[in-house]
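Between the sequences and the hints, there should be enough to build the whole structure, so can you do that?
First to last, the sequence lines map onto chains A and B. Take 1 as the starting number for the first sequence in the working numbering and just add one per residue. Take 1 as the starting number for the second sequence in the working numbering and just add one per residue.
Keep in mind that the hints were calculated from the coordinates and are not lab data. The hints are all genuine.
Derived DEER-like restraints, expressed as beta-carbon distance ranges: (1) A/Asp94 with B/Glu313: 50 to 56 Å; (2) B/Glu82 with A/Arg54: 53 to 59 Å; (3) B/Arg45 with A/Asp94: 22 to 28 Å; (4) B/Pro101 with A/Ser67: 52 to 58 Å; (5) A/Asp94 with B/Glu82: 37 to 43 Å; (6) A/Leu68 with B/Glu69: 34 to 40 Å; (7) A/Asp94 with B/Gln320: 52 to 58 Å.
From chain A, some residues computed to sit far from chain B (all C-beta separations above 12 Å): (8) Thr3; (9) Gln39; (10) Ala46; (11) Asp49; (12) Asn70; (13) Gly79.
Within a straight-line C-alpha distance of at most 27 Å, the following computed DSS-like cross-link-like pairs (lysine-lysine) qualify: (14) A/Lys82 with B/Lys57; (15) B/Lys421 with B/Lys297; (16) B/Lys48 with A/Lys82; (17) B/Lys40 with A/Lys82; (18) B/Lys216 with B/Lys241; (19) B/Lys57 with A/Lys16; (20) B/Lys280 with B/Lys431; (21) A/Lys63 with B/Lys40; (22) B/Lys216 with B/Lys186.
Predicted, not measured: the structure shown is a model, and the values here were computed from it. Built from N, CA and C at the ideal position, the CB exists for glycine as well.
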Amino acid sequence: MTTIYDVLRRPLITEKTSFQSSNLNQFTFEVGSSANKQQIKEAVEAMFDVTVLRVNVINRPSKVARSLRNRRRQVRRGGYKKAIVTLKPGDNIDVFEGVL
Amino acid sequence: MKIERQDLENRQVELQIEVDSDQLQAAMHSAARRLSKGTKIPGFRPGKAPYEVIVGKFGEDVIFEEALERLSQEIYRDALEEAKIEPYARGSLEEVIREDPLKLRYTVPLAPEVDLGAYREIRIPFEDAEVTDEAFEEAIEEIRQRQALIEPVDRPAEETDLVIIDLSGELLDPEEEEDTQLIDMKDISVLVDPETDVPTPGVMEHLLGLAAGDEKSYEYTFTDDHPNEDLRNRAAGFHIKCLEVKSRFVPEWSDELAQNLGEFESLLDLRANLRENLQKQAEMEAENQHRDEIMQKIVEGATVEYPPIVLQEETENLLQDLRMRLGNQNLALEDYLNIEGKTEEDLREELEPEAIERIKRGLVLGKIVDVEELKVEDDEIDAEIKRLIEPLGAEADKRLLEAFESPAGRHRIAMDVLTDKAIRRIIAIAKGEAEEQDVSTIEVNGKEENNGMDSAPEISGADDMEKE
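This is the structure:
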């Protein structure tokens, strides 16, 4: 059984997402890799008591990088799936609540 | 911004300022921005993170402190302007009374206030210095003694001989953990003279009759009026080893001896010269003493009020002086303190009375310059520079000349000259030589000055001078 916490991992706060949240009413989350748009929509609506208009999902694949300790060793940096949720005008998520 | 003003004693003002919350918010935001510039916050370019994120990262307290640092100064400036207070030195933020709305308490030092009192009525007659015949004879005898011919001799030591000895001594009944070694000197020369206690009391009778190569041990009990309390009535054993005996032949006065002493034609010439020098020296001493007396009197008669920060600074200056003097002997202040067994606080406390005295003198002199309307003209400064440079000859360091000629240098010299003038003026007053018609104008000026604070630069200048 998946709970909303399995779907919504954490809010993603960056320069770009803060711009989107304050100007476009779009909020970005890192979500579980197997979550689909429908689940995300339901989870956000349940958690923050808002109306979701649209969900865009982007899968950021993992990347191969060199280890910091041993430059020759290759390591895989974890990938993640992120969802940009557009809310009904007037709705708001205090993204900073419980962050960091 | 609401300002509550309260006058404290010692020329200080307390300001309690309530800061508008808008101003505080603005300061917090700009502080947050400054903080974030120096740190990386993931997802943001440096300095671009929103306020809330920065608060989340640093915590409100840190940002508040950072904001306060600048805000408190800004507020201080504005408050001074609004309350029309002229600070004499940097004020200090004493405490944050409340954070919301922000309320701060400052203490502002004001310019020292000097009331000279009836300094114009001070009369101290100058007493001419005189060199007594005894003092003169003593001085000339000393010169003769210094001309003694010293020769090694092969006979037991007699009075007025010089012996070279090794001397060691230790306490015979040492208390626990006491250093028993009293003295341990090698190769010292001692004048055999029953009148003196050098290098240790009781040694003289044993020196008499000692010949080169002799060794001698003796016991001695210190008298009960020995300057060192720990040693009174204690028995000690001493050991002397005589290395050499030298005779001292003190020549009689003659024209020849006088000629040997320098550019003197005869004994008479030397005596005249010496008397003149002694006279000059005595006069200078008398003048200095006279000046100090007057100064003392004026300072006593004057009421001087100054904020504590002035005292702090002066003490700091004295400490710095000491540090420099020690530095010349390759000694750090810390080592000196160790040797003396004192802490820096002790030392500060010790220096305080001197600092107070110096402050008073400086302030009083500065005030006199004001009240007496003493001024320095440009050509006087030039003359002074010339006077300072001249003894150095044509080779006078170019940099030195530049230092003197720079605006700051000229200012310092002007201050020197001014202080000098002030001192000369008070001496004249004390001798009753100052023109009386000045008094009426001075009275008026004096009153004006008491309200104004523009005497500050002169005072600090005179102060500076004192320090050098």
